[in-house]
Every structure is written in C-alpha cells, then in structure tokens.
Amino acid sequence: MQTEAYMNLFLGLAFAPLLGGIINRIKAAFAGRTGQPLLQQYYDMYKNIRKGAVYSRTTSWLFRAGPIVGLASVLIALALVPVNGSTAPLAFTGDLILFAYALGLMRFFTVLAALDTGSSFEGMGASREVFFSALAEPALLLGLATVARRAGTLSLSELLAATSVTSPELVLVLAALGIVFLCENARIPFDDPNTHLELTMIHEVMVLDHSGPDFAFIQYGAALKVWVLGSVIVGLILPVAGGKFLLLNSAALLGCMFMLAVIVGIIESTMARLRLLRVPQLLVAAGALSLFAFILSMR
Amino acid sequence: MGSVLETTMMLLILSDMALLGLSRLRTCIAVASFQGMLLGVFTLLAHEQALTPRIFLIAAVSFILKGFVFPQLLRRSIREASAQNEMDPYVGYSMSVMAGMAMFGAALWLGEQLPLTLAAGMHLVIPAALTTVLTGLFLIIARKNALSQCLGFIILENGIYAIGIVSVVEISVLVEIGILLDAAVAVVVMGVAIFHINRQFDHLDTDQLDSLKG
Numbered sequence: 439m440q441t442e443a444y445m446n447l448f449l450g451l452a453f454a455p456l457l458g459g460i461i462n463r464i465k466a467a468f469a470g471r472t473g474q475p476l477l478q479q480y481y482d483m484y485k486n487i488r489k490g491a492v493y494s495r496t497t498s499w500l501f502r503a504g505p506i507v508g509l510a511s512v513l514i515a516l517a518l519v520p521v522n523g524s525t526a527p528l529a530f531t532g533d534l535i536l537f538a539y540a541l542g543l544m545r546f547f548t549v550l551a552a553l554d555t556g557s558s559f560e561g562m563g564a565s566r567e568v569f570f571s572a573l574a575e576p577a578l579l580l581g582l583a584t585v586a587r588r589a590g591t592l593s594l595s596e597l598l599a600a601t602s603v604t605s606p607e608l609v610l611v612l613a614a615l616g617i618v619f620l621c622e623n624a625r626i627p628f629d630d631p632n633t634h635l636e637l638t639m640i641h642e643v644m645v646l647d648h649s650g651p652d653f654a655f656i657q658y659g660a661a662l663k664v665w666v667l668g669s670v671i672v673g674l675i676l677p678v679a680g681g682k683f684l685l686l687n688s689a690a691l692l693g694c695m696f697m698l699a700v701i702v703g704i705i706e707s708t709m710a711r712l713r714l715l716r717v718p719q720l721l722v723a724a725g726a727l728s729l730f731a732f733i734l735s736m737r
Numbered sequence: 362m363g364s365v366l367e368t369t370m371m372l373l374i375l376s377d378m379a380l381l382g383l384s385r386l387r388t389c390i391a392v393a394s395f396q397g398m399l400l401g402v403f404t405l406l407a408h409e410q411a412l413t414p415r416i417f418l419i420a421a422v423s424f425i426l427k428g429f430v431f432p433q434l435l436r437r438s439i440r441e442a443s444a445q446n447e448m449d450p451y452v453g454y455s456m457s458v459m460a461g462m463a464m465f466g467a468a469l470w471l472g473e474q475l476p477l478t479l480a481a482g483m484h485l486v487i488p489a490a491l492t493t494v495l496t497g498l499f500l501i502i503a504r505k506n507a508l509s510q511c512l513g514f515i516i517l518e519n520g521i522y523a524i525g526i527v528s529v530v531e532i533s534v535l536v537e538i539g540i541l542l543d544a545a546v547a548v549v550v551m552g553v554a555i556f557h558i559n560r561q562f563d564h565l566d567t568d569q570l571d572s573l574k575g
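One line per chain: the protein sequences are A and B, in this order. For the first sequence, this note's numbering gives the first residue as 439, with consecutive numbering after it. For the second sequence, this note's numbering gives the first residue as 362, with consecutive numbering after it.
Wrong hints could be hidden among the right ones.
[To be verified] Chain A is faced by these chain B residues, among others (derived, beta-carbon under 10 Å): (1) Thr368; (2) Ile374; (3) Leu375; (4) Ala379; (5) Gly461; (6) Gly466; (7) Leu475; (8) Leu477.
No lab work stands behind these hints: they were computed from the structure. We put the CB at the ideal spot given by N, CA and C, even for glycine.
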C-alpha cells in the first residue's frame, strides 16, 4: 500500500531529469549530432549544488525564497499525482484545484524572485510568463473540469484511474493539455529552452541571476514540472490495470513518459518557435478546445 | 453509429472555430472545403437507415460543390484579384474564437428550444448547424475583406444545409439541388463583384465602399 502510493513520487524524483536528456538526444539525432550524454541534467545539477551562490545586494529574502518555494510546490504537485490505479500520498477530494495552484505558486515565486532582482530584462520575462500562464490556466482547469465531470470525482487519483481515451471529448481535452504542457514547460513552440536571446526568452530569462544550489533547485523543479504535467496526460491516456498490477502500471507510466519526451523532441526538431504575437492565439485556441469539451460534457 | 455522427458534428464545430481563428485566406478556404466534404459524408451518415439514390445524389452533389467547386472558385478569385492573403478582421482572431464559443453556447440553448423531433444520437446536429450558421454570419460581419465575406456566405449555407438534412424528412431533390446551385451562382456572382471591386479600388476592403457617394 505504501510503496504503491509513493511510486510516482519515486519515479518522478529519480527519472524527471532524464526526460530532458532524452529530449536533447532526440533533437541532436534530428540535427545529425551525437548530442550530450543522457544524464547531462544530473551532472549539471550535481555541479551546481557543489558551488556557492552569489546574491546581489539589491535582492531581498524573496530572491532566496524563490527557488526553494518553487521546488517545494512542485513536490506537492507531484505528491498529488499517482501512478495510474493507485492513490497518491496527498490525495483528497478536490485536490485537482490544489494541483493547478501548486504549479501556480511555483510560477508566482519564480516571477517574484525575477522581479526582485530589479533587472528590466528579467522583468520582461516575468511579464511574458504571467501573461501566457494567465491564458494557459483556464485551458488546464477547464480540461481537468471536463474529465472530472465525466469521471464524477474531484480527486486526481480517482480521476486518472477512471478515465481512458474513450470519447471524442477526451481527445479535445488531451489536445488542450498537450498545448498547456508545452507552454507551461517553456518548450517550443512557446519558448526555446536553448536560446539566450533576450527578445524571445521567457523562462530562462527569469532565472538568470540564480546561481549555485539555487539554480540546481530551479533546474530540478523545472524537470519535475515536466514530469508532473506529463504524468497527468499519460494517466489520462493509459487504461488502468487494477491495483494489483503496480509494477505493470509503473512500467507503462515510465515508458509513456519516455515516449512523451521523444514526441516533445520531435516537435522541437520539426517546428519553429512561434512569433510572440501568435502565442496568445494558440493558448486561446487551447482554452477554446477545453471549453468546447466542457460544454459537451455538460449535456 | 451515433458516436460517428457525433464526432462528425464535433469536427464541424471545430472547423467553425478554425475559420474564426485562422488569419490566412487560403487556409480558411481549405478549411471550408473540408467542411463541405464533411457535410457530404454527414448526409450519408444521417440517413444511413434509408439510403436511397436520392440521398446519394444530394450527398455527391454537395460533396463535389462544397468540397471542390466553391473553394476552386474562391481560389480563382484570389488569384485574379491578386488579393492579399489576410482576412482583415474588425474583431481579432482570439476574440473571434471566444465569440465562437459563445455562439456555440447560444446554439445549444436555441437547439433545446426548437420543437424538432430528431432520431437518437442526433442531439448535437442542430447546435452544430446553428453554430455554423452563426459563424458564417460572424465572418460576413467581422471581416473587411470581400473574399472572406463570400467565404462567410458559403459557411452560412453549409449550416442551413445541415439543418435541412436532418429536420426535413422528405426533401425534394429538386429543391435541395436548386438551393445548392443558387449558392453556386451566388459564389460566381460574388467572384465577379470582387473582381470589379478590386479593379475599381485596387483592394478588397469593403470598408472603403463607404466613401462612395450615392
């Protein structure tokens, strides 16, 4: 029972940085390069955590709190998402709202820390992040509400267990959540995680002033966020094999997460980043898909 | 089969939303063409219990007219008028999509008010068709470009056609095909009008027709 509940937590903590490695490897393969090692993100974090942090004198405690609160909130979100068919450690009725806003809290503190530096550059990134996430949030919440209504439960654990792709509505929700997944994790077509060009950056620009262990926390938090949102999407797709087949379910989750990373890698290799003006349109489209699915589920 | 019909209707609504949200004229024409083909298939699906040659004829004519002839005429108009490839909206694209969702909500409500008796599994048809009608009207009102107004007219006709297919039990082939041909003539006439507007003013912005003194 205990291992069952904590399975996704373990998997996420252990394998989340690996997803970034897979994405980079796929992109490298598309470009005809060998690419960095699969475990590069682990090396980066290990390197950063051994270093000391540098703090600007203009910053306050908010700047130091940012990475810690960010990592803590994404851990809470992770503790709400179970392996398909089991119950997450923190599961309760209505936890999908906490799920959405734990991610919201993470973003809020990243933004506060960015603004705290007083750098106009980071302020610009913060402004974009808040704008886009304000558009992505309705899409996420309406999508989850649709699934919750179909499954008749407000708990993420029961909800993931109760749904698998059976209706056209769920396909709409999955499309919307996929767009939100890419946006929230600052991947192409919303943001290019590799570029350090000030005109286009969103997420990377906000964390420029963090260093050492703080930056390691941010990297780990970002990797976990990919895992958290990804495992919700995977949980919605995968049919459940009952509580007894924990290993099977976990293996399926892990396999699907790697598949998701491969898909993200393919998207990043074949698509260009959207013009900044186009991004809100795509997010509104995602919101419209969610709303459409929600109206359909209301009937 | 009910769910296939339902999926068709969802695709119809999604294509409406795409028309509202897309900015490229040529892409919109492609979507309209897809919608036309969808309606042809829908004609067969809606009458699958009683497939008569009459139904086949209506389906085939609408499939070909809406899916290929109208889009081709529109594309020719673009080419001849060498129009720019933008829709020129009064209402922005994101706003249009939101308006589209509102129209869908209104259509759902309106569909419940209408005293129509439909077969099981068809409850989404009337809302979807009404949404299509409203989308067509919206495109006519909210876009400046004369070509997108013509496109709006075709979409409007698509919606009326979908309502006609399910609500009238025995449509005469003659009436149905007559309507389709009317639409075809209208598209041709609009094409000519567009050509002349373009030649007179060097653009397709209907807003500037206001400056004409009568």
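Hint by hint, where does the structure go against what was stated? Just the numbers, ascending. 7 and 8
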